[in-house]
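Engineer: Sequence:
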Amino acid sequence: MRKIIIATLIVFGVVATALLAIVLVMGFWTSLQTKHLDSSETAGWVQAIGSVLGLGVAVGIMYVQHQQAERREAKQKLEREDRMLRSIRIEVDVLLTSFKRTMKIENVPDSRPVLERYFFFSEKPFVVYESLAGNLLDIRDDKKRRLIIETYSKAQGVIVLVQMNNDILAERDEYFRNMGERGQDKTNSFAHKLRYNADQFWERYEEAVLLVDSINRSFPE
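My numbering applies: residue 1 is where the sequence shown begins, and numbers increase by one.
Where hints are given, some of them may not hold.
Claimed, not checked - The list that follows gives simulated cross-link-like pairs (lysine-lysine, BS3-like), each with its CA atoms no further than 30 Å apart: (1) Lys75 / Lys193; (2) Lys193 / Lys144; (3) Lys124 / Lys104; (4) Lys124 / Lys186; (5) Lys124 / Lys100; (6) Lys124 / Lys193; (7) Lys193 / Lys143; (8) Lys144 / Lys124; (9) Lys143 / Lys124; (10) Lys100 / Lys144; (11) Lys124 / Lys77; (12) Lys75 / Lys104; (13) Lys75 / Lys143; (14) Lys193 / Lys154; (15) Lys77 / Lys154; (16) Lys104 / Lys186; (17) Lys144 / Lys75; (18) Lys77 / Lys186; (19) Lys104 / Lys154; (20) Lys143 / Lys154; (21) Lys124 / Lys154.
As the list claims (entries may be wrong) - DEER-style ranges, computed between Cβ atoms: (22) Val160 / His66: 42 to 52 Å; (23) Asp141 / Asp167: 37 to 47 Å; (24) Ile90 / Met179: 43 to 53 Å; (25) Tyr196 / Glu174: 17 to 27 Å; (26) Arg146 / Lys124: 48 to 58 Å; (27) Lys77 / Glu207: 23 to 33 Å; (28) Leu136 / Met164: 26 to 36 Å; (29) Ser153 / Lys100: 14 to 24 Å; (30) Gln76 / Phe121: 29 to 39 Å; (31) Asp93 / Phe119: 18 to 28 Å.
In case anyone wonders, no lab produced these hints; they're calculated from the structure.
Backbone N, C-alpha and C define an ideal beta-carbon position, used for all residues, glycine too.
Modelling step: build the complete structure from the supplied sequences, incorporating the hints.
Structural biologist: Here you go:
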């Protein structure tokens, strides 16, 4: 809003100055045609016209400088957005590659196996996203902004499911340690929990992979 007001005032100043200069020139010309002007009157007219023209030049310079500043700021915004998109693209790609390596996943298996091992990840895996989250509104494309938020939300959900799986395994192992053979009656209960969690995990993992692929295709390298 402030920029619009400044630009409007500058344009108004240029127009008003130009009109005033035209009026003064016409008045001076009319005076020359209708009456004899002595040297002091002529000097007064010339000084008035010169002052208005000087003001016009000053306002014009302000307008040019304002336009240049606007272009520089627009260019800087585009460069910041480009760096942001590149950084996010790199982070999600690195995270997915690291996740696959940790989980030993190449492709999503048809059988969608239960996760029978413990898996641990960094407490703060989304370093770039967390540092840029407050600047997401600087991204002009709403679709890209939504894609970023959805991707990280889905990725966080995948990690939460792995942590939940760890909790189920820990509960199962602790139970069997304490109960021994007497705990075999709960085997099916733990198996059901692990199966349900695995189904949720693979479903969200597939969705996250597709979202990362979309980022890799649409964001600058």
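Engineer: Compare the structure with each hint and give your call.
Structural biologist: Hint check:
Restraint check for lysine 75 and lysine 193: not satisfied, since their Cα atoms lie roughly 53 Å apart, outside the 30 Å limit. Among the hinted pairs, lysine 193 with lysine 144 is inconsistent with the structure: their alpha-carbon atoms are about 36 Å apart, more than 30 Å. Taking the CA atoms of lysine 124 and lysine 104, the gap is about 21 Å. The hint holds against a cut of 30 Å. Pair hint lysine 124 plus lysine 186 does not hold up; C-alpha atoms about 35 Å apart against a cutoff of 30 Å.
Among the hinted pairs, lysine 124 with lysine 100 is consistent with the structure: their alpha-carbon atoms are about 18 Å apart, no more than 30 Å. Under the criterion of a C-alpha separation no larger than 30 Å, the hint pairing lysine 124 with lysine 193 is consistent with the structure, at around 27 Å. For the hint pairing lysine 193 with lysine 143, the CA-to-CA distance comes to about 36 Å; that exceeds 30 Å, so the pair is violated. A distance of roughly 23 Å separates the Cα atoms of lysine 144 and lysine 124; the hinted pair therefore holds under the 30 Å criterion.
Only pairs whose Cα atoms come within 30 Å are accepted, and lysine 143 paired with lysine 124 is accepted, the gap being roughly 26 Å. The hinted pair formed by lysine 100 and lysine 144 meets the criterion: a straight-line CA distance of about 24 Å does not exceed 30 Å. In summary, the hint linking lysine 124 to lysine 77 is supported, as the alpha carbons are separated by about 28 Å, within the 30 Å threshold. Only pairs whose Cα atoms come within 30 Å are accepted, and lysine 75 paired with lysine 104 is rejected, the gap being roughly 43 Å.
Restraint check for lysine 75 and lysine 143: the C-alpha separation of about 21 Å stays at or below 30 Å, so the hint holds. A threshold of 30 Å between alpha carbons decides the hint, and for lysine 193 with lysine 154 the separation of about 21 Å falls inside it, so the pair holds. Between lysine 77 and lysine 154 the alpha-carbon distance is near 28 Å, which keeps this suggested pair within the 30 Å criterion. Simply put, lysine 104 and lysine 186 have alpha-carbon atoms about 29 Å apart, close enough for the 30 Å limit, and the pair holds.
With a C-alpha separation of about 19 Å, the suggested pairing of lysine 144 with lysine 75 holds against the 30 Å cut-off. This hinted pair does not check out: lysine 77 and lysine 186 have alpha carbons roughly 59 Å apart, beyond 30 Å. Restraint check for lysine 104 and lysine 154: the C-alpha separation of about 19 Å stays at or below 30 Å, so the hint holds. The suggested pairing of lysine 143 with lysine 154 holds, with an alpha-carbon distance near 16 Å, which does not exceed 30 Å.
For the hint pairing lysine 124 with lysine 154, the CA-to-CA distance comes to about 15 Å; that is within 30 Å, so the pair holds. Valine 160 and histidine 66 have their C-beta atoms about 50 Å apart, which keeps the hinted 42 to 52 Å range intact. Separation of aspartate 141 from aspartate 167 is about 39 Å and conforms to the stated range, judged on CB atoms against 37 to 47 Å. One distance hint, 43 to 53 Å for the beta-carbon pair isoleucine 90 and methionine 179, holds here, with the actual separation near 48 Å.
Remark: the range hint 17 to 27 Å for tyrosine 196 to glutamate 174 is upheld by a beta-carbon distance near 20 Å. Between arginine 146 and lysine 124 the CB atoms are about 23 Å apart, so this pair departs from the stated range of 48 to 58 Å. For the pair lysine 77 and glutamate 207, the supplied restraint of 23 to 33 Å holds, since their beta-carbon distance comes to about 32 Å. For the pair leucine 136 and methionine 164, the beta carbons lie near 28 Å from each other, so the given range of 26 to 36 Å is met.
For the hinted restraint 14 to 24 Å between serine 153 and lysine 100, the CB-CB distance of approximately 19 Å keeps it satisfied. Between glutamine 76 and phenylalanine 121 the C-beta distance comes to about 36 Å, which sits within the given range of 29 to 39 Å. For aspartate 93 paired with phenylalanine 119, a C-beta distance near 20 Å keeps the hint of 18 to 28 Å intact.
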